[in-house]
Amino acid sequence: MAHRAPVSTALIVRTAAAWIVTLAIFFPLGWLVLTAFKTELQAISVPPLIFFTPTLENFVEVQERSDYLLYAKNSVITSVASTLLGLAIAAPAAYSMAFFRNRWTRDVLMWMLSTKMMPAVGALVPIYVLTQTAGLLDTRLALTIVFMLSNLPIMVWMLYSSFRDIPHEILEAARMDGATLWQEFRRVLLPLGMGGLFSTGLLCLVLAWNEAFWSLNLTAARAGTLAALIASYSSPEGLFWAKLSCASFMAIAPIVVFGWFSQRQLVQGLTFGAVK
Amino acid sequence: MFRLRIAAAGTEGAEGAAAPPASRERPRGEASRTLPRALLAPAVVSLFLWMAVPLAMTLYFSLIRYNLMQPGEHGFLGLANYEFFVTDPSFWPAIVNTLLLVGSVIVITVTGGISLALLIDEPFPGRGLVRVLLISPFFVIPTVNALLWKHMMMNPIYGVLAQVWRFFGAKPVDWMADWPLFSVIVMVAWQWLPFATLIFVTALQSMNREQLEAARMDGARYLQQLRYLYIPHLGRSIAIVVMIETIFLMSVFAEIFTTTGGGPGDASTNIAFLIFKQALLNFDAGVASAGALLAVVLANIVAIFLIRMIGKNLD
Amino acid sequence: MNLRSAVTVAVGLAVAGVSNAATELVIATVNNGHMIEMQKLTKFFEQANPDIKVKWVTLEEGVLRQRVTTDIATKGGQFDVMTIGMYETPIWGKKGWLQELKPDASYDIDDLLPAMRQGLSVDGKLYAAPFYGESSMLMYRKDLADKAGVKLPEQPTWQQVRELAAKIHDPQAGVYGICLRGKPGWGDNMAFLSTLVNTHGGQWFDMGWKPQLESKPWKDAINLYVDLLNKYGPPGSSSNSFNEILALYNEGKCGMWVDATIAASFISDPKQSKVADKVAFAQAPVAVTPKGANWLWAWALAIPAGSKKQESAQKFITWATSKDYIKLVGRESGWGSVPTGTRKSTYANSQFLKAARFAQAEKRAIDTANPNDSTLPKSPYVGVQFAAIPEFQAIGIAVGQQMSSALAGRVSVDEALKLSQVAADREMRKAGYYR
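Quick mapping for you: the protein sequence lines, in order, are chains A, B and C.
For the first sequence, this note's numbering puts the final residue at 1740, and the numbers step up evenly by one.
For the second sequence, this note's numbering puts the final residue at 333, and the numbers step up evenly by one.
For the third sequence, this note's numbering puts the final residue at 474, and the numbers step up evenly by one.
Some clues are possibly wrong.
Pair ranges (Cβ atoms, derived) [stated by the list, open to error]:
| id | chain 1 | residue 1 | chain 2 | residue 2 | range |
| --- | --- | --- | --- | --- | --- |
| 1 | C | Glu63 | A | Ala1717 | 29 to 37 Å |
| 2 | C | Asp209 | A | Phe1515 | 43 to 51 Å |
| 3 | A | Ser1726 | B | Leu230 | 27 to 35 Å |
| 4 | A | Thr1473 | C | Asp209 | 50 to 58 Å |
| 5 | B | Arg239 | A | Leu1605 | 53 to 61 Å |
Calculated directly from the structure, the hints in this document are not laboratory data.
Beta carbons are placed, not taken as given, at the ideal position from N, Cα and C, and that holds for glycine.
Chain A on its own, in the form it takes in the complex:
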């Protein structure tokens, strides 16, 4: 690129187009953040207020009213634990399928994915009854397990896909050199597959973080996550828009910030068809 002219019209056009499109797409979210700092009356005014004196009253109320920190802690614990647990189960499974393919591999993968296509609403009663029988209602453990199971098919599939990109020769070579399975795993597979593991993990972390349905239905006072917290701000009788924006902002901020910082790894991790 160094040999290109420093500022060409093409560059200006591209930059402008990119920025306009980006701002248009980001706009609703930006408006949400802005609304978090408004009063209820300001939030619904017509024409919409862009300049106003910001207030922090919503943030105070959210914490006071619903113990944001407890829900945040639950969100962090359940999403991280379910992701790590899931990776621990999915990675070996993906490894087995990627390197020891047989004629059932494709079918097994499709079957796993198809169970994911069942709407959660349909499985509510069986899962609820199971959780109740196990005495696990309103526990973080139950949520962790359910999140992990929900995301397991995706994890297996994405890891399988990224492991397929790792050339067999490298693994064979390591084996030739007398490496044990564990060493093969640690020295060769892990570094090469790290990107795939990381990006799969990040995706599933986000999915677990945003999972509201199970969180609402399987918890009561102790184990709810942030996604469930939002449900308590959508009031049937009363103005709530500013508070909801604030609660939403506080609910998604951690994961968005995390996503922003790790998007570089994500970008590097998702290689499709590239030769490393």
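Dock chains B and C against chain A, hints included.
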């Protein structure tokens, strides 16, 4: 010996297993195959079990009478639950809506995602920030996403879109009433576009730049570059995006529940919402389970079609 | 399982007072203003009852209903006190799922408004204590009516309302003649539409439990509704519910509004409403009969039958629905914020009457609503704006969707009613009410 193994193991995309190794290698081959397989079996088996148990329960519930409001009455009903679910006047519209929803969002996100990825593929000022802003909508919780669009953007009196329409002198559109399914499609597409864009951005990273430069030097126009270089390279990632989105979009629920309530009429009711009506309004777990299994059947049919269309890229 | 039994034993011991550990009450509630207020004031209860700790689970109405119903039907035991409405109480009370409430004399159970007490009892036994009650009424802009030279009586007819709406409808000036609910839902648009049908002489089901959705009263009512909103209503009506209209009204965009009496407290609050001092109240409009013209709803606190924490739960419920609690709210947050619609003594309180201009209209509305006699022809069900049968939720939303569709102009009113009748018939048949 070594070369044979490489040749056997290294063919990508080959159907099924490669030719068996020569008998001389079998002891070595066997040992290094059964051990990992044995170690991995527990993982695969437990995965299987965990998925099978709820599935089996759902199957069982779908065949009996199970209404939460009438506990204790669990008579065997055969296929009566399925029949009830299928004879709902909204059943076929719901299937159509489900397919329309999934199809439209996929088309929008794939074409939009590729376009965006191409747009920001080459450097320009502020590219890092643009990337970060573009992926943000994916992190928004679906319920909040729905409320955001319904109140802020689409409200015909004080919504942003209404203001824009009025600015251009046109009468604002009542999105929820006149274009309910389309409104839901817009909301869901907005949320998934970042995901598709991200996948395509990373796929483009690994494009062969020299090939691209050479083509440009040879005078290839942009459309030709697109057709012969970019798109084929993106084949695999398109397949992945389509696959993952199909899985999630088949069971879109929160957006519909929060905004249109499945209406007006059943214009924005999809299969998931229909199941919800049975499960959590009627508290009829029997019919809901029947509906859930039908949804899985539908999903499998869709998957089979998908595999036919893009299957070669999946492996 | 061992852990679970151990916990149960521990809790049992705590309640019996053998150990000094505090009893923990988990309370599921809806997130309206009064409940949020109660959460803030819980510390007073805990101070008076040091052996009880209260934990709140606050949810949106629809989700709350799903959660508590699933819990109580499967005997999950997740919640010790549940907030339920007038819809669930008769159904669950009859099934024996709720604990009968027997407060002592100091509670003054006769102080409860008769309509509330009746609506929450089965066979004379009280199963849930009303915390907040509402009916529906007409709220209109006095300034606009005066300008049009119209004076509405205390209980206007729909004809009069229509005429006024036509006169004050002025979209250019940003004022719509009348705003009414349109979002599909048995508690959303159908709550209002049921009362509209009632007052036109209709009913949901006849004595044989057959749905009556294609009868003349239904046709008259829905045609009036669609015509009124299409001519004099705001755009987007078919997805408007309480909150959306509240926002519009507070901005001064609605000339008239028929909805829950609690709306009155919001629209006359200068902190929220731009037209706070311009609002007047009247009873819900009538047509053929005044029966069932205004709805009746209460949020009440109940205890699941077989709960192991009954004593503590009863203590909390009697505290939260007592005269003293209302006085407490008056002291701490102002008399404009007290939960209304439950006790006669509230309406006799001069401080409350001073702070709430709508009080008399609200009391009259509640007093005239009778869930046992809300339709002109005799009905087999209990409830003014709903039928207290389990099948009603699914039927209500199906019909609600059709009504919303008719309002949006996607189907004709007759077609919408026909489809609604089919949907209702299907559900009733499946549930075995008739073959």
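Going through the earlier hints one by one, which of them does the structure break, listed in rising order? 2
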